[in-house]
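Protein chains: 4
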Amino acid sequence: MANLVFYYGAMNSGKTTGLLQDAYNLEERNLKVAVLKPEIDTKGERKIVSRLGISREVDHLLKKTEHPLQLVKENYLECKRLYVDEAQFLEPFQVEEFSDIAHRLQIQVYCYGLRTDFLTHGFPGSIRLLELADRLEELETICPCGEKARFVARFINHKMQTEGNQVLIDQKEGVSYLSLCAKCYQNAKEEDPKTLKLIQKSLYPTQK
Amino acid sequence: MANLVFYYGAMNSGKTTGLLQDAYNLEERNLKVAVLKPEIDTKGERKIVSRLGISREVDHLLKKTEHPLQLVKENYLECKRLYVDEAQFLEPFQVEEFSDIAHRLQIQVYCYGLRTDFLTHGFPGSIRLLELADRLEELETICPCGEKARFVARFINHKMQTEGNQVLIDQKEGVSYLSLCAKCYQNAKEEDPKTLKLIQKSLYPTQK
Amino acid sequence: MANLVFYYGAMNSGKTTGLLQDAYNLEERNLKVAVLKPEIDTKGERKIVSRLGISREVDHLLKKTEHPLQLVKENYLECKRLYVDEAQFLEPFQVEEFSDIAHRLQIQVYCYGLRTDFLTHGFPGSIRLLELADRLEELETICPCGEKARFVARFINHKMQTEGNQVLIDQKEGVSYLSLCAKCYQNAKEEDPKTLKLIQKSLYPTQK
Amino acid sequence: MANLVFYYGAMNSGKTTGLLQDAYNLEERNLKVAVLKPEIDTKGERKIVSRLGISREVDHLLKKTEHPLQLVKENYLECKRLYVDEAQFLEPFQVEEFSDIAHRLQIQVYCYGLRTDFLTHGFPGSIRLLELADRLEELETICPCGEKARFVARFINHKMQTEGNQVLIDQKEGVSYLSLCAKCYQNAKEEDPKTLKLIQKSLYPTQK
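Chains as they are written, first to last, in this note's numbering: chain A, 1 to 208; chain B, 1 to 208; chain C, 1 to 208; chain D, 1 to 208.
So here's chain A without its partners, still in its complex pose (with noise of 0.2 Å):
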């Protein structure tokens, strides 16, 4: 039985590494897979890349009112597994759409994103995801503090961000996002001097 599995994390959990490594195991074994992302990602355009170095091409940018029920059946009925990268970005009719294409098609779907934006609230994409996936999988990363982290804070200039539009990509001048472990997170939104300073030194750390 085909199903959709969500592998969830905060920022640099290793998400897309864990999908080019999946995608490489079946081609391997002769086995067909195609690599979708959201268009709204403009981070590398077409190519999806690992911050360990290696990188692949998307078979498909999907648009937001694009059906991939309909761009599978078109396409990719050969394929053995979907990936989407940066799955929280997703429209919840599209991941609707992917349960099907799991449960009707008889595909394996693999999503990867984030679970939670800056502020620690899902994207429309991965609430969906969270409702929906037969299966979630965390992927882990790690606090500066050395805890695992779940949060993702957002900084603009050095400061934390308390406020602002879910989306926002950081290749802006000035923004940064740093994965941090709930308790880290909380310190940082109350200010605690010495997080705050842990947190400088993780993101910029060329700094004095």
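For the record, the hints were derived by calculation from the structure and aren't laboratory data.
Fair warning: there could be bad hints in the mix.
Pairs count within a copy or across copies, as identical chains cannot be separated in the list.
With a straight-line cut-off of 20 Å between C-alpha atoms, the simulated SDA-like cross-links for lysine to any residue are [unchecked claim]:
{"id": "1", "residue 1": "LYS189", "residue 2": "ARG104"}
{"id": "2", "residue 1": "LYS172", "residue 2": "GLU78"}
{"id": "3", "residue 1": "LYS47", "residue 2": "GLU138"}
{"id": "4", "residue 1": "LYS183", "residue 2": "LEU31"}
{"id": "5", "residue 1": "LYS189", "residue 2": "LEU31"}
{"id": "6", "residue 1": "LYS148", "residue 2": "LEU136"}
{"id": "7", "residue 1": "LYS64", "residue 2": "GLU138"}
{"id": "8", "residue 1": "LYS80", "residue 2": "GLU140"}
{"id": "9", "residue 1": "LYS63", "residue 2": "LEU31"}
{"id": "10", "residue 1": "LYS201", "residue 2": "GLY174"}
{"id": "11", "residue 1": "LYS201", "residue 2": "PRO92"}
{"id": "12", "residue 1": "LYS194", "residue 2": "HIS60"}
{"id": "13", "residue 1": "LYS64", "residue 2": "GLY174"}
{"id": "14", "residue 1": "LYS194", "residue 2": "VAL5"}
{"id": "15", "residue 1": "LYS64", "residue 2": "GLU163"}
{"id": "16", "residue 1": "LYS201", "residue 2": "HIS121"}
Owing to the predicted nature of the structure, the values given are computational and were not obtained by experimental measurement.
Knowing the structure of chain A, use the given hints to seat chains B, C and D on it.
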């Protein structure tokens, strides 16, 4: 490190049995626990009852406007673990406070609840838990077809409902719930006769 | 695809409750199941009993030389799921046949048992399950110190044992078992007074 | 609380990529790590290499008689996390010491290795890890038939082996390994022609 865990499942996945077993394990080792429940759930009132026939009095019924952090500081600081049954009925701010209780007071919090309602959408409490919990653990149950069940369908007088209030306790006359796999849920919505027959047999076994 | 699952845990992790709840879930949906148990375990004879007070008659006591594949072909082909309680006492060849039952007869097999003995070594049955099971699922329990328990310690007349037969049922006079975390297990072996005191209090709560 | 984790999988499940990604995540946060490898594995010598093309020098090759506890106390006390690649080749006493390192020195230990050999039996190191690890995490890979692969089959000059030494590095001429699901592994042993053909195509793709 204490953390916040969400044990989620469909109807009849053994959530209450899981809670009762875990609480038993701790008390057997002389460790204090407390069991809370949102007041909205009137089934059994102050009692939580497992279908296997075991039950337990809750320690506290949590009002919609009540602050868990305050409550725990005043009453349950010596507890090793807190349990919340029917956690889908928590208010989002209460989930946030349970996360604080775990990370600031270092008391483990185990929330047991439904992932989604009868229309496959999260309850406000379960969405906040899916966003914030340090660990998401699925409790499995089974569809009448034999597959793993993910979704909950609501029936009134033998008819599957596709609209209605999110909350409707199954002690109302004629109201029943049944956990279904993604495929049977979809088939039932489309009134596939074979699926409907399987469901009727499962819901109303004594009828011809 | 049916498969072989090993639910492993230390003593008092709720293995039997888990088995009974899952069997209940299936029977409630009119799906047939069977519960087996290796004959070596004489505790309760044909009954499996959970510490929560629920129990069930086993369908078959499996002899040391009996072939599960043959047994299932002759008696349980219409079952959707088979359960084995105290699965650590299975013979390795029997575990191999349960794997065949899952993959060749397409009947789901859930084995519940101890991971390791009182000296931290696997039983022949649990080692074969750890090697062959399609899914390994831990059932957690707790150490008197409050940490997750991993190991099982044997006590005879209040004294922790560091040698002895692998199998010794705890209904023998003076024999008790206690699940401990890695640290307390090691401390107890080294006769750390604080740990021994905690253990005594947990094992013999009514004594001064 | 630090603990000992065993990431197990069949051949080509991405174990080394997982290790390299996790080590990268920590170093990016300025946290120290060390990568160890049992000396018996001569593939790549001091380098661990992922099939995706990324690699890293190991910090230490562990001899069969070397004591990890001593080694870590003398060299790696400031590390936040230790990694062991090819952990199936550890000696059982070394696994026990890695458990001590986690619980006594509070350094997280992540072991990556094969669960079983080409005859479905554990290596001494992997059996001890399956017995002692605080967490067992599976890394999945795929069978040429499209199912999840569990077992590793050894081939010499196109022929599946049913006996031989447990360790035989696949750089020996004519030796190959292939990960198979339980069903294909069994079928291949029984020389089912369809399965053998699928395997040949997967192992030697360029041949007619």
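Quiz item: Which numbered hints does this structure break?
Solution: The structure conflicts with hints 2, 3, 5, 7, 9, 11, 12, 13, 14, 15 and 16, although it agrees with all the remaining ones.
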